[in-house]
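Q: Protein chains in written order, with the numbering used here: chain A, 258 to 856; chain B, -10 to 360.
No lab work stands behind these hints, which were simulated from the structure alone.
Heads up, some of the hints might be wrong.
To be verified - Not close to chain B: a few residues of chain A, all C-beta gaps over 12 Å, as computed:
(1) 453
(2) 477
(3) 751
(4) 830
Unchecked claim - Partial pick of chain B residues on the chain A-facing surface, computed with a CB cut under 7 Å:
(5) 172
(6) 232
(7) 234
(8) 285
Since the model is a prediction, treat every value here as computed from it, not as a measurement.
All C-beta atoms, glycine included, are put in the ideal place defined by N, C-alpha and C.
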Amino acid sequence: MSLQNPTREHSSDWVLLNMAARLKWLCGVLGLCLAVVIGAYWYHQIIRAEHYERLAENNRLRVLRLDAPRGLIYDRSGRILVENTPTFRLMIDRSRSADLGASLAFAAEILGREERELRAALERHRGVAREVPVLLAEDLELTQVARFEVSKEPEHPEFEIATSRRRLYRHSFQTAHVVGHLGEPTPSEHDRDASLAAGDLVGRSGVELLRDRLLRGNHGERIVVVDSRGRLMGEDVRRTDAAPGESVTLTIDLRLQQLAESLMADKIGAIVALDPRDGAIRAMVSSPSFDPNSFGGRLSQQDWDRIVDAPGKPLQNRAIQNTYPPGSVFKIAMVVAGLAEGLLRPEERIYCNGATRLYDRRWRCWQSRGHGLVDLRGALQHSCDIYFYRQGVKIGIETIAAYARRLGLGDRTGVELPGESEGLVPDPEWSRNRRGYPWYPGETVSVAIGQGPLLTSPLQVAVMTAAVANGGFRVRPYLIAGGGKPPEPLGLDGEVVSFVAEALANVVENGTGRSARTPVVAVAGKTGTAQVVAQATWIRSEDLPPEQADHAWFTSYAPVEAPELVVVVFVENGGRGSEAAAPLARQMHEGYFSAAPKT
Amino acid sequence: MLPQRPDPWPLVRRVRSVSWLLGCSALALSAIGLVVISSASADMSTDYEVRQSAWIALGLLVMAAAAAVDYSFLLRYAFWIYLAALAALAAVTFFGHEAGGARSWIGIGGFGGQPSDFCKIATVLLLARHMAEAQAPVAPRGWLWAASAVVVAPVLLIALQPDMGGALMFVPMLAAMAIVAGVRLRSALIALGVAAVVAGAIWIFALQDYQKDRLSSFFRPHADPLGSGYQVRQSRIAIGSGQVLGKGYGEGTQSNLQFLPTPHTDFVFAVLGEEYGFMGVTVVLGLLLLYLGNGVRVALAARDPAGMLLVVGLLAFMAGHVLYNTAMVVGLLPITGIPLPFLSYGGSFMLFCCAATGLMIGLDIRRFVNI
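Could you put the whole structure together from the sequences, leaning on the hints where they help?
A: Here's what the structure looks like:
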């Protein structure tokens, strides 16, 4: 065409041909762009497919936990000590509230709280979709629950009542140190135990800690489908039911435990009662006590400090965690050591005029006017110090320490509870190694009457006493029914043990333990009065300031003929064992043996 | 040599494979779109698939009408059509009712319509006529400036609504038509420079904060996981989790549990990717390519520059929508309101696509008329 008409370069065909060429070039560009897009889809749908599938599942599926109810704790007769009780929580579905301010004011009025507090509670859930109910208040009372339910239709459909469980310690203060309490797990516990979720509570002391894993059970799971706003859609994808925690039965006798707690109500100290035949603990009280119920929910730092720093440190279990000089109850170990080694002869008499001189020092008897001539039996009966000073020197510290340890003093008893203290039975080797200076012979004199560096826990004294009661066996105290071990023979001559047993019965019958005597049952026992501070001159304990007053001990068992119960009473700064401790032991035995027949 | 008016019957006989392929691919894409829309809107209160069916039916009528009208007639009145479209656009921009933050809808008996879609055709018509005149032996100087002016007026009005995506789609249209019309490199560079300055001015003076957020979140998708970066992320999860074969009809969790934003309109391709996988994506892109390719065949066979430019302009709009939408839902480009031709729910855009198809078919039918 252009040949026919060379003057018209811009002929229609020429123009169209040029335009077509440029259009084809554009098509190439379009093709390249489409290839890039296809490549992107290839990358995401084929190469990264699994990654996105996981993300899509994460979007869609949510795991809801089904809490397992914590196991119950019973006493030896099946009485409930610890259970779970329903609690009511107030939830609010903000999307159903016409006026959030009015809703909060309404709730504040029923709850008797400030509207501002509720607003603050709501503020914590700001990131949550409006349709998802959020927590507004916990631990509602039944009357409050009723008022919310009544107002639900039609004025306040936004409120929902959710139920959950809360630990209930039925006998709060009375069983606190035995059953223990719950608390929030530490971050490292969370790391170690994957089954713990936010908001879970774990055992922090006592049986709650000891059997925590068993009591907790295993939580279940609901896998549900949610939409982008977190609303539940359709049926569960999978559901695993929770396995409730197992229950635990204790050896504790609730009535005896309650009695012990009431006896110690206004005192500081501990009472331990156990069965000398197998070590089953029937009562264990430490005073002052605490209310484990106050740990059930969230505990503010302030509340925690208030409990931990309360006068008398109520969280300490004085029956096993604190150790004290045993005072004259140690004389039981002295007699066993002396007789077993043949160093004491029961008929040997020593004259007590109220004081004696040993190692260039003057040593006083508690009875300043003296006991006159006393034999072994009399020395125990009247708790004559002079007799034991002298015999202690004769027996020697190594032998005393060896027997004291065999009887269970200065040694962990092996009770299941955590945090038990070892105490201390000193000897020259200990002095060299731990104190860094030699044993002074005069210290043996102190140890002979249960003073000096000696430290024992009330439970250790109970183990020693049980060995006398059961004919020479070391028991391992235990709290959880079925957890006992057969007592181990101490290898003591039967006559030695029966001599001590008879002497201890005589202490209650005619001696310093007379205030433990009861018509209900024949009791054997030994008093102890432990000095808290070394005294240069004799001062009556009653005249000392309270924190320096003597510790009162009384260890006992009954019935004398076939012992079933060992009772150790320890009163911190209580004064004389015969006055402050022995009467409490009597009440314990009376309470135990006058009740329904026991096994 | 005046074009003589052809009688209808020979006209129908001239319909050849190109037109059939154009029409059939458009119909197939619309049908696939219906299926995906009905799945994506299963939980919504409006029956979008029913409405979309009505729009498709109306679209077929529009397509037939557009094919029947002689495009040279439309080109003759292009200026007046353009003015009418601008007037309608100005009317809704300043008096229309708001939907989704943009004033662009005019109500037609319960169905919404956007004059900006009508304006696309009007603009292409005027540009085609104007650029065809530039093909004359003595080309008018500065025709690119006039062409740009023709485009800037509707773009500004649409941007004011504000509908950035709609305004943006005029850019590839103008570029493609100018290139095919034979723009000189120097003029193109100057025009680009001016456009950059104008774009900068728009960013500073005209963009709303949410629009700036969208644009900037594209470059930092993890900075704002719940904002527009969230939409890109959810869309990618939908597409990626579709894998090769997809999850099946109604099984897309991302779209049915409302993790995907607007699954029936702008994100319809993400739903397709989730429920039909890479296979579905390839089939639909193949159909779109078939459609565009046959459009190009119509353009190449055009009997005059105006006809070719008209088809190029319409195709550039379509291609721009296809590329931008598919790239945007997979996270290659910032999220903005750009629907996918034939698949996205939307009345006036469906009508635009059908009208464009009709015009191309009409051109194909008349390709020998003038020789």
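Q: Verify the interface restraint on residue 285 of chain B: the C-beta must sit less than 7 Å from at least one C-beta of chain A.
A: Hint on residue 285 of chain B: holds, closest Cβ of chain A at ~6 Å, below 7 Å.
Q: Please confirm whether residue 751 of chain A is truly not at the interface, meaning its C-beta sits more than 12 Å away from all C-beta atoms of chain B.
A: holds, 80 Å
Q: In terms of Cβ atoms, is chain B entirely out of 12 Å range of residue 830 of chain A?
A: About 64 Å separates residue 830 of chain A from the closest Cβ of chain B, which puts it past 12 Å; holds.
Q: Is the nearest Cβ of chain B still more than 12 Å from the Cβ of residue 453 of chain A?
A: Check passes; 28 Å lies beyond 12 Å.
Q: Under 7 Å, Cβ to Cβ, is where residue 232 of chain B needs to be relative to chain A, so tell me if that hint holds or is violated.
A: Hint on residue 232 of chain B: holds, closest Cβ of chain A at ~4 Å, below 7 Å.
Q: Holds or violated: is there a CB of chain A closer than 7 Å to the CB of residue 172 of chain B?
A: For residue 172 of chain B, the interface hint is violated, since the closest Cβ of chain A sits about 9 Å away, which is over 7 Å.
Q: Decide, holds or violated, for the assertion that all CB atoms of chain B are farther than 12 Å from the CB of residue 477 of chain A.
A: Fine: 24 Å to the nearest Cβ keeps residue 477 of chain A off the interface.
Q: The hint names residue 234 of chain B as touching chain A; please verify it with the least Cβ-Cβ distance against 7 Å.
A: Status violated, d = 10 Å.
Comparing the model with each numbered hint stated earlier shows that hints 5 and 7 do not hold.
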